[in-house]
Amino acid sequence: MGATLAELARLVHGKVRGQTTASIDGANSLDRAGPRDIAFFTSAKYRDQLAATKAAAVILREPDATHFTGNLLIVDNPSLAFARICAYLHPEPTRKAGIDASAVVSAGAAIDASAVVEATAVIGPGTRVAEDVWIGPGCVIGRNVSIGRGTRLMARVVVQEGCLIGRNCLVQPGAVIGGDGFGFARDGERWIKQPQLGRVVVGDDVEIGANSTIDRGTLGDTVIGTGVKLDNLVHIAHNVRIGEHTAVAACVGIAGSTVIGKRCTIAGQAGIIEHLDIADDVHITADSLITSSITQAGVYSSSLKAQPVAEWRRNAARIGQLDEIAKRLRSLEQQIERMPKE
Amino acid sequence: MGATLAELARLVHGKVRGQTTASIDGANSLDRAGPRDIAFFTSAKYRDQLAATKAAAVILREPDATHFTGNLLIVDNPSLAFARICAYLHPEPTRKAGIDASAVVSAGAAIDASAVVEATAVIGPGTRVAEDVWIGPGCVIGRNVSIGRGTRLMARVVVQEGCLIGRNCLVQPGAVIGGDGFGFARDGERWIKQPQLGRVVVGDDVEIGANSTIDRGTLGDTVIGTGVKLDNLVHIAHNVRIGEHTAVAACVGIAGSTVIGKRCTIAGQAGIIEHLDIADDVHITADSLITSSITQAGVYSSSLKAQPVAEWRRNAARIGQLDEIAKRLRSLEQQIERMPKE
Amino acid sequence: MGATLAELARLVHGKVRGQTTASIDGANSLDRAGPRDIAFFTSAKYRDQLAATKAAAVILREPDATHFTGNLLIVDNPSLAFARICAYLHPEPTRKAGIDASAVVSAGAAIDASAVVEATAVIGPGTRVAEDVWIGPGCVIGRNVSIGRGTRLMARVVVQEGCLIGRNCLVQPGAVIGGDGFGFARDGERWIKQPQLGRVVVGDDVEIGANSTIDRGTLGDTVIGTGVKLDNLVHIAHNVRIGEHTAVAACVGIAGSTVIGKRCTIAGQAGIIEHLDIADDVHITADSLITSSITQAGVYSSSLKAQPVAEWRRNAARIGQLDEIAKRLRSLEQQIERMPKE
Numbered sequence: 001m002g003a004t005l006a007e008l009a010r011l012v013h014g015k016v017r018g019q020t021t022a023s024i025d026g027a028n029s030l031d032r033a034g035p036r037d038i039a040f041f042t043s044a045k046y047r048d049q050l051a052a053t054k055a056a057a058v059i060l061r062e063p064d065a066t067h068f069t070g071n072l073l074i075v076d077n078p079s080l081a082f083a084r085i086c087a088y089l090h091p092e093p094t095r096k097a098g099i100d101a102s103a104v105v106s107a108g109a110a111i112d113a114s115a116v117v118e119a120t121a122v123i124g125p126g127t128r129v130a131e132d133v134w135i136g137p138g139c140v141i142g143r144n145v146s147i148g149r150g151t152r153l154m155a156r157v158v159v160q161e162g163c164l165i166g167r168n169c170l171v172q173p174g175a176v177i178g179g180d181g182f183g184f185a186r187d188g189e190r191w192i193k194q195p196q197l198g199r200v201v202v203g204d205d206v207e208i209g210a211n212s213t214i215d216r217g218t219l220g221d222t223v224i225g226t227g228v229k230l231d232n233l234v235h236i237a238h239n240v241r242i243g244e245h246t247a248v249a250a251c252v253g254i255a256g257s258t259v260i261g262k263r264c265t266i267a268g269q270a271g272i273i274e275h276l277d278i279a280d281d282v283h284i285t286a287d288s289l290i291t292s293s294i295t296q297a298g299v300y301s302s303s304l305k306a307q308p309v310a311e312w313r314r315n316a317a318r319i320g321q322l323d324e325i326a327k328r329l330r331s332l333e334q335q336i337e338r339m340p341k342e
Numbered sequence: 001m002g003a004t005l006a007e008l009a010r011l012v013h014g015k016v017r018g019q020t021t022a023s024i025d026g027a028n029s030l031d032r033a034g035p036r037d038i039a040f041f042t043s044a045k046y047r048d049q050l051a052a053t054k055a056a057a058v059i060l061r062e063p064d065a066t067h068f069t070g071n072l073l074i075v076d077n078p079s080l081a082f083a084r085i086c087a088y089l090h091p092e093p094t095r096k097a098g099i100d101a102s103a104v105v106s107a108g109a110a111i112d113a114s115a116v117v118e119a120t121a122v123i124g125p126g127t128r129v130a131e132d133v134w135i136g137p138g139c140v141i142g143r144n145v146s147i148g149r150g151t152r153l154m155a156r157v158v159v160q161e162g163c164l165i166g167r168n169c170l171v172q173p174g175a176v177i178g179g180d181g182f183g184f185a186r187d188g189e190r191w192i193k194q195p196q197l198g199r200v201v202v203g204d205d206v207e208i209g210a211n212s213t214i215d216r217g218t219l220g221d222t223v224i225g226t227g228v229k230l231d232n233l234v235h236i237a238h239n240v241r242i243g244e245h246t247a248v249a250a251c252v253g254i255a256g257s258t259v260i261g262k263r264c265t266i267a268g269q270a271g272i273i274e275h276l277d278i279a280d281d282v283h284i285t286a287d288s289l290i291t292s293s294i295t296q297a298g299v300y301s302s303s304l305k306a307q308p309v310a311e312w313r314r315n316a317a318r319i320g321q322l323d324e325i326a327k328r329l330r331s332l333e334q335q336i337e338r339m340p341k342e
Numbered sequence: 001m002g003a004t005l006a007e008l009a010r011l012v013h014g015k016v017r018g019q020t021t022a023s024i025d026g027a028n029s030l031d032r033a034g035p036r037d038i039a040f041f042t043s044a045k046y047r048d049q050l051a052a053t054k055a056a057a058v059i060l061r062e063p064d065a066t067h068f069t070g071n072l073l074i075v076d077n078p079s080l081a082f083a084r085i086c087a088y089l090h091p092e093p094t095r096k097a098g099i100d101a102s103a104v105v106s107a108g109a110a111i112d113a114s115a116v117v118e119a120t121a122v123i124g125p126g127t128r129v130a131e132d133v134w135i136g137p138g139c140v141i142g143r144n145v146s147i148g149r150g151t152r153l154m155a156r157v158v159v160q161e162g163c164l165i166g167r168n169c170l171v172q173p174g175a176v177i178g179g180d181g182f183g184f185a186r187d188g189e190r191w192i193k194q195p196q197l198g199r200v201v202v203g204d205d206v207e208i209g210a211n212s213t214i215d216r217g218t219l220g221d222t223v224i225g226t227g228v229k230l231d232n233l234v235h236i237a238h239n240v241r242i243g244e245h246t247a248v249a250a251c252v253g254i255a256g257s258t259v260i261g262k263r264c265t266i267a268g269q270a271g272i273i274e275h276l277d278i279a280d281d282v283h284i285t286a287d288s289l290i291t292s293s294i295t296q297a298g299v300y301s302s303s304l305k306a307q308p309v310a311e312w313r314r315n316a317a318r319i320g321q322l323d324e325i326a327k328r329l330r331s332l333e334q335q336i337e338r339m340p341k342e
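Protein chains in written order, with the working numbering: chain A, 1 to 342; chain B, 1 to 342; chain C, 1 to 342.
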């Protein structure tokens, strides 16, 4: 699907400098773009690539326009305009509505006529699949699930009994929504299972990454707010609530009953322990561990920084002596205080 | 399924205070319980919820009975009683025994007549599925596997060739049991695969979380003891052995040939390196790294605590100078020692 | 499949000491080997096991030959010889070529006549499956994928649209290749999806672990070099490039656009943030976090070491005061400097 530069400018409410009739078929990075591609520029780090690009046009901010003599599409937010133009030039493939002959759909399920159900998908009784939903190959949807309009489950996604998925969500392959929370009571040395009776409730416009897991609530629900984005291999425990438009990067684990605010970002491999409250607009750096509630917006970290191993080992050994080091320091301070002053 | 409070008291060997004939249909938390629900109370933190609850009855310990004027079910272990009552009031759905027409069961597999095999499951030759086993949709069971009585594989579980699963286990969706261990020999710069010839042997009453992976042994077996509970996205490497009733939270990784004792708890995102021995009754805090064997029961930690990022960065930079700091401290101590005493 | 010791010696270019006609049926560890098994010895730690072994023969290095009086197979690299002998004595089961009746193969897919496609696998249009490929049960292969000669996908592997898998690869169950990268542009508080238009390109002889995820590139490709080995639950983000023969252990996360060199090893739970360059022959220890590029070969670490929790808490609290501690130390040094010298 091609367009002229003027058409793309209208799409993103931008301003053209140069040939409005330039033909554009694709979108690519500055260094990979060909003469019918559009590219974008946001960082001075790529000024060399900008100078050398073969792109038909470049999307950038007004103040950067002086750095390029070719066709320009000037916008306030080049990344956003580029994302929209990519989506326009490379639309999702469309699928013919209907249920593949190899899918196993319960008689008691209600599948909208506009929905696509691909090969070997399994759908349980009482489940409702709304308009324009696309259920990919090998997905397993339990009973009494609801999948909202326009949502796509890629492949091999599991949604267990009773869970609700909103509209226009995208669930990457292998994700598991509604597995049991990890809850047990002790009986002597044995663990007795606490039945997990809640659901997972996912808002609209949510993306869930490949092989991520979201457990159902123990009694109430686990809630993923509208606009939340979860990357791959993320673990969301029972009764967690994640506020709208929060983004969680890969390999993060959030423990049971923790409540995360809106518009937070949680970087890769970070962990948050159970029963905490994290305020809105909190940002957590990679691999950090959050062990107490956060009431103020801001950036929080316990990220370490690797060193060459010999050096690191010497320093790490001292971590194990830190309390003693601090006490020796205090003792020195006291000794010096008691010394005669000149 | 409803009951009177007296019936529930008999179930959990508890004592009623109040109306023994109170009708109870469901179980819920103090704040969510309605007038036909039972709830439980264990922590002074929830005393306000206790005062305000609409529950038909509350399960609690004798000493807490003075804090509530409504119907009580008094027990020694309220969490345990609540778990049992939840299971009684909300029993697992039952399924009609039999093999779904879309399942692909090898002629050489022995499936007990009481077992359920759901849609699109695949079962290999030589595999034995015992009484009351429930194999969910999309599961793939290899050849010569054995699944013990009463075990349930939820959906899309993989059990590879030759593995043994005990009785009354519960395996959450997407778990992979019996993938190859990560073993290679070097041949110059290339890695040559060490064939993984062992099995995974899982005891009775084990729960395995969604998308967790348990690798087969290289030569001997990987062994998961009876009563072990594994959360989601847990990695258990080849030849690991986990003792009975140990619980492992989400995103934990345990490396090859490590042996974990009985009744341990390993919190989320912790890691244990290869070839270690961890004693019985060891508890490891979230995100800790265990790099040497532990011979004494107790709690072990290397968990960090996040700070506002500016503060953390200043402190973290000092970690990289710690050995030097310690040496400067020692030097000061020596200088002060050599100073004339008053 | 059995062999004489002489035959095995020819296979691995080794030298026999003892009975060349000894019959060998299996391979096992020193402590588990029976009188028709071969075992191997590499470390003085196992000298007691060597003395007590019942193995028909032991593979070891020349200098270790004096420690054993039984049959020997002397080689330069016992682990490598053992891996090769295991593969010879325990060959992979062979499968009859062909497509299972329950598989759903698009009319537009080209499946070589020598390939195996097992039960319930789904293969999209335009996809090419080469000679001797083995696609296990429940795999989902999208459209326009290419799977190279001799590659095996175990069970429930997903390969999304347009990805290329090389020759002789082995993909463990549940892995997802070609899910969308985690890329969004901000639009006020909302995240707008950046379409993920690139592919995953996997070289030859690559192993990918169970439930690992490799995202497709945003514009260019995500590239896994020939000979790379990835363990379970590994996350490889969009546009990462991993050099040949690098090995990545379980639970590692590598963030977007990072480039890893050749022959690196990355231990379990390590993390590498986005847009870094890691040189060839870099080794990263367990749970370390890499936050800046590494230009020199060597070992890098930020691994901590757990302590008993009371001790650790005292030390960890001091980490949060480290900058202040360092400043107090500097102040003491200055005070002492200013003191009158004897």
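Please note that the accuracy of each hint is not assured.
Note that the list lumps identical chains together, so a pair holds whenever it fits in one copy or between two copies.
Calculated lysine to aspartate or glutamate pairs in the EDC-like style (CA-CA distance at most 20 Å, straight line) [stated by the list, open to error]:
#1 327 / 337
#2 327 / 48
#3 305 / 189
#4 262 / 277
#5 96 / 277
#6 262 / 100
#7 54 / 25
#8 96 / 112
#9 45 / 280
#10 54 / 76
#11 193 / 92
#12 15 / 277
#13 45 / 323
#14 262 / 48
#15 327 / 280
#16 45 / 132
#17 305 / 48
#18 327 / 112
Hints in this document: simulated from the structure, not taken from any laboratory.
We went through each hint and held it up to the structure:
no., hint, in the structure
1, 327 / 337, "both (15 Å within a copy, 16 Å between copies)"
2, 327 / 48, "neither (54 Å within a copy, 43 Å between copies)"
3, 305 / 189, "neither (40 Å within a copy, 28 Å between copies)"
4, 262 / 277, "within (12 Å within a copy, 33 Å between copies)"
5, 96 / 277, "neither (45 Å within a copy, 44 Å between copies)"
6, 262 / 100, "neither (39 Å within a copy, 44 Å between copies)"
7, 54 / 25, "within (14 Å within a copy, 63 Å between copies)"
8, 96 / 112, "within (13 Å within a copy, 28 Å between copies)"
9, 45 / 280, "neither (31 Å within a copy, 24 Å between copies)"
10, 54 / 76, "neither (23 Å within a copy, 54 Å between copies)"
11, 193 / 92, "between (43 Å within a copy, 12 Å between copies)"
12, 15 / 277, "neither (44 Å within a copy, 36 Å between copies)"
13, 45 / 323, "neither (43 Å within a copy, 32 Å between copies)"
14, 262 / 48, "neither (38 Å within a copy, 27 Å between copies)"
15, 327 / 280, "neither (38 Å within a copy, 34 Å between copies)"
16, 45 / 132, "neither (42 Å within a copy, 47 Å between copies)"
17, 305 / 48, "neither (30 Å within a copy, 41 Å between copies)"
18, 327 / 112, "neither (70 Å within a copy, 68 Å between copies)"
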